Amino acid sequence: MAKNKKNNGTKSTNKPTPSVLSINVCDAIIRDEQSKKVSLIGLFNIIRATSFPCTHPLMHVYIALTNGHGKYRTEVRFVSLEEGKPIMGMIGELNFQNPLQVIEMNLCWQRLNFEKPGDYEVEVVCEGNRIGARKFIVTSPQQEIPPTNGTDMR
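Taking the working numbering, the leading residue of the sequence shown gets 102, the next gets one more, and so forth.
The hints are simulated quantities; they were obtained by calculation from the structure and are not laboratory data.
Hints are all accurate, no fakes.
With a Cα cut of at most 25 Å, we get these calculated DSS-like pairs of lysine-lysine:
| no. | residue 1 | residue 2 |
| --- | --- | --- |
| 1 | Lys172 | Lys116 |
| 2 | Lys186 | Lys236 |
| 3 | Lys236 | Lys217 |
| 4 | Lys137 | Lys172 |
| 5 | Lys186 | Lys217 |
Label pairs and their calculated CB-CB ranges:
| no. | residue 1 | residue 2 | range |
| --- | --- | --- | --- |
| 6 | Ser120 | Ile192 | 16 to 26 Å |
| 7 | Asp128 | Met191 | 14 to 24 Å |
| 8 | Phe153 | Val203 | 35 to 45 Å |
| 9 | Lys217 | Asn115 | 39 to 49 Å |
| 10 | Lys186 | Asp128 | 25 to 35 Å |
What you are looking at is a predicted structure, and each value in this text was computed from that prediction instead of being measured.
Cβ coordinates follow ideal geometry from the N, Cα and C atoms, glycine included.
Could you put together the complete structure from these sequences and hints?
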C-alpha cells in the first residue's frame, strides 16, 4: 500500500498555541464550590520591601488560558527583567479537551526571594514558547513609584 506523499503517512502534530486570558498576582484566591466562581483577593503589582534581599511570605498567581487542544508542557516562572533570567518556576502539563475550554490555574508561591529592587514578570511558557507575561515591581520605600496598589513586606 502506497503512503500518501503529502504527509508521508504520519499524523500532523500542529496544534493551536494557547492564549492567555489573564495573569493576576494577589494575596489569596477563593473558589466558591457551588457556583465555581473565582474571587481574587488583594490584587497587586508592586511589592514594597524595607530591605534587600527580601522574601515575600505568600502570594498567589491566577492564570486563565484557552485555545489549546491536547497536552502542553507548561512553565510558569518569575523572571528578573534586569537580569533576564528566571528566579523561580513551576513546570507541569496542561491537557485541553478542546480549544473552547478555559483552564484556570491557582499557583501558590511561598517565600519568594528578591535579591534587589527592580522590574519582574510572571511569565507563561507553553511548549517552549512564551505566550504571556504580567509585570510587577519590587521597590524600597524610598523609591518613587507610580500611584497603584501594592503590598508591603517587613
